[in-house]
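Chemist: Next come the chains, spelled out residue by residue.
4 protein chains.
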Amino acid sequence: MSEPVLRLGMIGGGPGSFIGPVHRMAAELDGKIRLVAGAFSSDAERSRQAGAGYGVDPARAYASHQAMIAAEGARPDGIDLVAIVTPNHLHVPASIDALKAGLHVMCDKPAALSLAELKQLATATSGSKGLYALTHTYTGYPLVREARALVASGRIGRLRKVVVEYSQGWLSTPLEDTGSKQAGWRTDPAKSGAGGCIGDIGVHAFNLAEYVSGSPVRELCADLSIMVPGRRLDDDCNILLRFEDGSERGVPGVLHASQIAAGDRNGLRLRVYGTDAGLDWSQETPNTLTIHGLDGRTEVLHAGAGNLGPAARGATRLPTGHPEGYIEAFANLYRDFAAAIRAGAMPADGSLPGLEAGLRGMAFIETAVANSAARAGWVRLDI
Amino acid sequence: MSEPVLRLGMIGGGPGSFIGPVHRMAAELDGKIRLVAGAFSSDAERSRQAGAGYGVDPARAYASHQAMIAAEGARPDGIDLVAIVTPNHLHVPASIDALKAGLHVMCDKPAALSLAELKQLATATSGSKGLYALTHTYTGYPLVREARALVASGRIGRLRKVVVEYSQGWLSTPLEDTGSKQAGWRTDPAKSGAGGCIGDIGVHAFNLAEYVSGSPVRELCADLSIMVPGRRLDDDCNILLRFEDGSERGVPGVLHASQIAAGDRNGLRLRVYGTDAGLDWSQETPNTLTIHGLDGRTEVLHAGAGNLGPAARGATRLPTGHPEGYIEAFANLYRDFAAAIRAGAMPADGSLPGLEAGLRGMAFIETAVANSAARAGWVRLDI
Amino acid sequence: MSEPVLRLGMIGGGPGSFIGPVHRMAAELDGKIRLVAGAFSSDAERSRQAGAGYGVDPARAYASHQAMIAAEGARPDGIDLVAIVTPNHLHVPASIDALKAGLHVMCDKPAALSLAELKQLATATSGSKGLYALTHTYTGYPLVREARALVASGRIGRLRKVVVEYSQGWLSTPLEDTGSKQAGWRTDPAKSGAGGCIGDIGVHAFNLAEYVSGSPVRELCADLSIMVPGRRLDDDCNILLRFEDGSERGVPGVLHASQIAAGDRNGLRLRVYGTDAGLDWSQETPNTLTIHGLDGRTEVLHAGAGNLGPAARGATRLPTGHPEGYIEAFANLYRDFAAAIRAGAMPADGSLPGLEAGLRGMAFIETAVANSAARAGWVRLDI
Amino acid sequence: MSEPVLRLGMIGGGPGSFIGPVHRMAAELDGKIRLVAGAFSSDAERSRQAGAGYGVDPARAYASHQAMIAAEGARPDGIDLVAIVTPNHLHVPASIDALKAGLHVMCDKPAALSLAELKQLATATSGSKGLYALTHTYTGYPLVREARALVASGRIGRLRKVVVEYSQGWLSTPLEDTGSKQAGWRTDPAKSGAGGCIGDIGVHAFNLAEYVSGSPVRELCADLSIMVPGRRLDDDCNILLRFEDGSERGVPGVLHASQIAAGDRNGLRLRVYGTDAGLDWSQETPNTLTIHGLDGRTEVLHAGAGNLGPAARGATRLPTGHPEGYIEAFANLYRDFAAAIRAGAMPADGSLPGLEAGLRGMAFIETAVANSAARAGWVRLDI
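Protein chains in written order, with the UniProt record's numbering: chain L, 1 to 383; chain F, 1 to 383; chain W, 1 to 383; chain Y, 1 to 383.
Excised from the complex, chain L in its bound form (with noise of 0.2 Å):
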């Protein structure tokens, strides 16, 4: 009667990995998922040890995820699909050869090293049968799903004004320089690509904006910075936007994101405005969803309260007052995923990040990277 669970394998979360923990958690969380398999590291010892720590057999901690894909294949009980958690560089490599192999993929933003790599993976896997999600945690969110279902229900009128900012200030100092594993990669070119700040969390701001809204970026003006002296990717990217509302100059938006703010924490929040009311969810404090009205009355919606819709409710695990975090908003990315790969398909309604969402980001950092530099005014975003 119940459905089988899902078996797991994933490549990357070796030692000193942040996400790749989190994403044992998240995946496991709801008895659906169970993680057997990995390409933890490229060092067999290392890659067992971690295994180990994630519960995973010995002879299931593979040293490269080509010889996972091949052992699992093998295997009656192999892998359903894997979980990419990676330096950004091996997003794409990974990617092709797991969906080559017909396993689901549920990859680490942002999903490439470029946007000219991230359409290769779409011509090369064009025929795979295999899914393929992205992990803009934040759109797990309950409240996330509130925002965007009220949009999308008119609650808030025609779309007016977007503010969108993720800040941070760990990176205030030259971590990268203090050997930090975190801080390294993501300051690295060859391992992030174009983007630093704006790749490590302005394309989640993007992602969450264009989410929530359902209006696309059409035009963006950026500036971006490297504040740390001696840092080779930014830190700090301030940004103008216009959402397409099929009117001639669209709708206004800023986006700013920054992981020099001395002090922040995690710091994503969105505000969406529309003719009849304004939205406003912020990150570290995710249980609530505050609703302005024009007539002064402001409303504030709690996760797990019996008035929200259908996708916010589906995203609770516990009654009202109990706060779920991080961890539940990534659960219900894989919770999501996992319904995907027994329907055959992605939702329709666009719910579950994938690979348009990955194109429009990849396209989004490119563009704001390259008009950064130029300081030439307004481009289009063209994927």
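Check before you lean on any hint, since a few could be wrong.
[To be verified] What the simulated footprint calls covered on chain W by chain Y, stretch by stretch (three residues with Cβ under 8 Å from a Cβ of chain Y suffice, anywhere in the stretch; the number is not a length):
no., stretch
1, 150–162
2, 264–272
3, 278–288
4, 318–331
[To be verified] Listed next, with one range per pair, are the computed distances between beta-carbon atoms:
no., chain 1, residue 1, chain 2, residue 2, range
5, W, Ala-152, Y, Ser-64, 28 to 36 Å
6, L, Ala-339, W, Thr-275, 34 to 42 Å
7, L, Phe-18, Y, Gly-350, 44 to 52 Å
8, L, Gly-350, F, Val-5, 32 to 40 Å
9, F, Thr-178, L, Arg-313, 16 to 24 Å
10, Y, Ala-348, W, Ser-42, 40 to 48 Å
11, Y, Ala-70, W, Asp-77, 53 to 61 Å
12, Y, Ala-52, W, Asp-349, 46 to 54 Å
13, W, Glu-356, Y, Gly-16, 34 to 42 Å
14, F, Asp-77, L, Asp-349, 42 to 50 Å
Because the hints were derived from the structure by calculation, they are not lab data. Ideal Cβ positions, reconstructed from N, Cα and C, are used throughout, including at glycine.
Following the hints, put chains F, W and Y in place on chain L, whose structure we already have.
Modeler: Same frame as chain L, but now just chains F, W and Y:
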């Protein structure tokens, strides 16, 4: 190198259970415990169905905890510990049977139907090598741990006042008359014991106050009410407290809890004041702790930040700014319990609630219920 | 066309006074009252100096309130009303003299040293045409007015519970031993009466609870403490309440107030719960009022917004989002009092605290002090 | 011993004015300035009526500012200063006339219709002994003063980033078509100048950013929109900034302001980040300032607390925890201006906005409007 995973059997948690699935998620979150068996229902078929939902082998879904204990005891890979998630009246019988079989017990609070019953447990299982822990979940939050450590370290000076509140509104209407399973047993003396609101949430508030302040309540004066007509157990409690500090009159405190505070969600909040500073923590925004100093300066501590002490740092899984919630707090109890099981003893510092917390909680419930009924002023809280 | 400005004389408010200057600012804010005379100090020279600071003509700075009343009574442009801003022990003598002279009185709370003394005032001045108002300042906040109106309108249903708190930390140390004028008289029974914290701020909390709930307290059970060694009056109070609602047991409530809650500033907060919704207001963020509905929906009202009722709208001077504070709340009392003086009677709806509020407040203080000393359980609150 | 009260004449502020009454309250709050005359309206009878509402002698209610200046100049007790509270197009003519007559001027912002017009003022009145101040009201808040002092003291290290926003929603509908006086002139280029939202509130945000950061904006790239069809001036502005710090590219910043942000009230917020810490202040909760440190520690400063610096302490009237608001902030400008008048010079530290702030504000408005129209990338901000 890595430790063997502990095997968990669940008692209770059948269809409609809120807390059963939470136990599974919390127990399994860190990959150190796995739910492998259960006596989910006294109906064999329902137990199997519930087991399937948890991913449990149908052969290990039993119709009674006695059957589970016997059968699992005969397996080489039998369970190591049980989670007791039934209504209150079954807590002690199941705990006794499990402990006598040498199993470890993670029991939902309150620990028993009555203080006398819980004392029987202590007597009946005194020789057991099984450990006993109690799900005072809120002690698992990182910043509750930090608050406790700060008080113990002298950061707030000598204790001056405690204010603890737990405010819910979900029983504002006679929900028990509508077939709600959750409301039904909680308002039934046969299943809940002498306390309604005080047994369900008041005892959490009481435990939290003692846990953080490090001082036991020695006297109380209680006012419990049934505000919804026809209800048989209290749904609102307001209690004056005196904490032990060696002085003649002790340290004043207030505890108020309600399940008819219309519109409140899960409003557990603790304030502890000393001669030098005050602490303030709220469960609905669990990732911050505020310290108010005498000079007017307010400091806010954040979960995951580098300036926290070891107890709090050890209780987070994510970087600061990535919210953790109720499931993660619960998982901290399981993580601590797994460590205690490996160590062969409960933590010496009292950081994990066990039998002593259970006895104090039952004494609190019974004393307050009797005191309120008598409307007789102050009474000592003795076990 | 415009009304003549009322002329105010101040009694008290000499050098070092906190509340004297606040009275002047509040009284004059709307341009309907002007401070023109004062008995600021019993030392003639100090009174003149204080008067100069207030912009008062030296000839109208007196050395006693008797002198002021006599001299001003002889002037064609003499004072219309007095503000009594002395320590408590002078409230009644000054009030009686002023009322007997036909002057109106705005008196600081608590109204008297004792309930008996205040009853004497009532007797002694029963024929006076002077009006008498009491500075329960917090009733002047727009959203307190809104809360009162919402309860009266039935918006929250029938009353279920009241939680009121007033938490300060400024007397955490024996400030009275350091020469602080403010701390000195407040901790001196000869100047303050039987109540310390309860008379200074507890009575504000009590008044606010009755003002908003519209229900009188009928019983209480109090625990007052002196936490700072050597102090002579309570500096911490925790009180169980029962409000009158015609039922056998009444409606439960809690009042806790403290002046040794380390680090707290001026933490007056009121929560009123009914069968349908709960209200929550805090003095330190006075421009919002939160309504929690049974369905989990939270509504936040903002001062100055168009969706407020007339009582709140009439109590703001600025557009929404422009914060008003304590001085403006205080000014609302003066504005209402000026209107009452012009109308020749206090408002019939009880919206401006007067003698009745004073009598209830004194009964509350005395009853709680005696009850706490006896530690005898519940007692009726009778005037 | 006490200083003579300064006599104020108001220009503008007739029936329906919001800001006129605020000026009176603010000017008079501290008892150092008194409103005694006014040219409230160009209609003599309406001016007298408005004057009566302000408590001004009908004989001193004039039908033009020229008449007021002439008549008051002939009185021995004539006015010392004027408050100019008209729509923008009258600011400069009235300022010039007053300054030429040797009167001091407190002028509403923006200072002029255009930068050129304001430069004429500077030329035309260069020999006047009258002082000129500009009501950038938000600089009067105590914690804005504290923030400015903290930046100047090096508390946040070197400047890294500035984010300033001013979000309102009251012009979400074409309010100007409904007869609203406030909306009418603000959306009329003849009365407001080239800027709508940017001139009304954007310039406040700009001023606040420079005031606190201590760094001037040197370049900008602006996107101004008219979102309400038929409106003639911008109602939404989003601007990339570069602040001067001596480096090649300067310090990045973002300014966004809106009057069509549905449901927002008066959301002015400033964040200033340095190499060591970040500051965060919001106008709607003005009595706190948050400092985020690199180590994850957050400190909250409270107005009136003992740990503030002299600039903030000098700007409060009440003990901590007693909220002060917009009127008190405004009164601080008047208090500072009164002190400046007595000293014969504006404060040397630039703490009171004057002509220089006016010139910078006008340059900002004009440059942003022109730059947005051209959509041409970055432009220098020159006066």
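Chemist: Hint by hint, note whether the structure agrees.
Modeler: Hints, verified against the model:
With 0 residues bearing a CB less than 8 Å from a CB of chain Y, the stretch 150–162 of chain W misses the requirement of three and the coverage assertion fails. With 4 residues bearing a CB less than 8 Å from a CB of chain Y, the stretch 264–272 of chain W meets the requirement of three and the coverage assertion stands. For the stretch 278–288 of chain W, the stated coverage by chain Y holds: 5 residues have a C-beta nearer than 8 Å to a C-beta of that chain, and at least 3 were required. A count of 11 residues in the stretch 318–331 of chain W with a Cβ less than 8 Å from any Cβ of chain Y is obtained; the coverage claim is therefore met, three being the minimum.
The beta-carbon spacing between Ala-152 (chain W) and Ser-64 (chain Y), approximately 49 Å, falls outside the hinted interval of 28 to 36 Å. Between Ala-339 (chain L) and Thr-275 (chain W), the C-beta spacing of about 41 Å keeps the proposed range 34 to 42 Å intact. Taking the beta carbon of each, Phe-18 (chain L) and Gly-350 (chain Y) are about 46 Å apart, inside 44 to 52 Å as hinted. For the pair Gly-350 (chain L) and Val-5 (chain F), the supplied restraint of 32 to 40 Å holds, since their beta-carbon distance comes to about 38 Å.
Range check, Thr-178 (chain F) to Arg-313 (chain L): Cβ separation about 19 Å, and the 16 to 24 Å hint holds. Taking the beta carbon of each, Ala-348 (chain Y) and Ser-42 (chain W) are about 43 Å apart, inside 40 to 48 Å as hinted. Range check, Ala-70 (chain Y) to Asp-77 (chain W): Cβ separation about 31 Å, and the 53 to 61 Å hint is violated. The hinted window of 46 to 54 Å between Ala-52 (chain Y) and Asp-349 (chain W) is violated, with their beta carbons roughly 29 Å apart.
Under the hint 34 to 42 Å, the C-beta atoms of Glu-356 (chain W) and Gly-16 (chain Y), about 39 Å apart, fit the expected range. Remark: the range hint 42 to 50 Å for Asp-77 (chain F) to Asp-349 (chain L) is upheld by a beta-carbon distance near 44 Å.
Hints 1, 5, 11, 12 from the list above are not met by this structure, while the remaining hints are.
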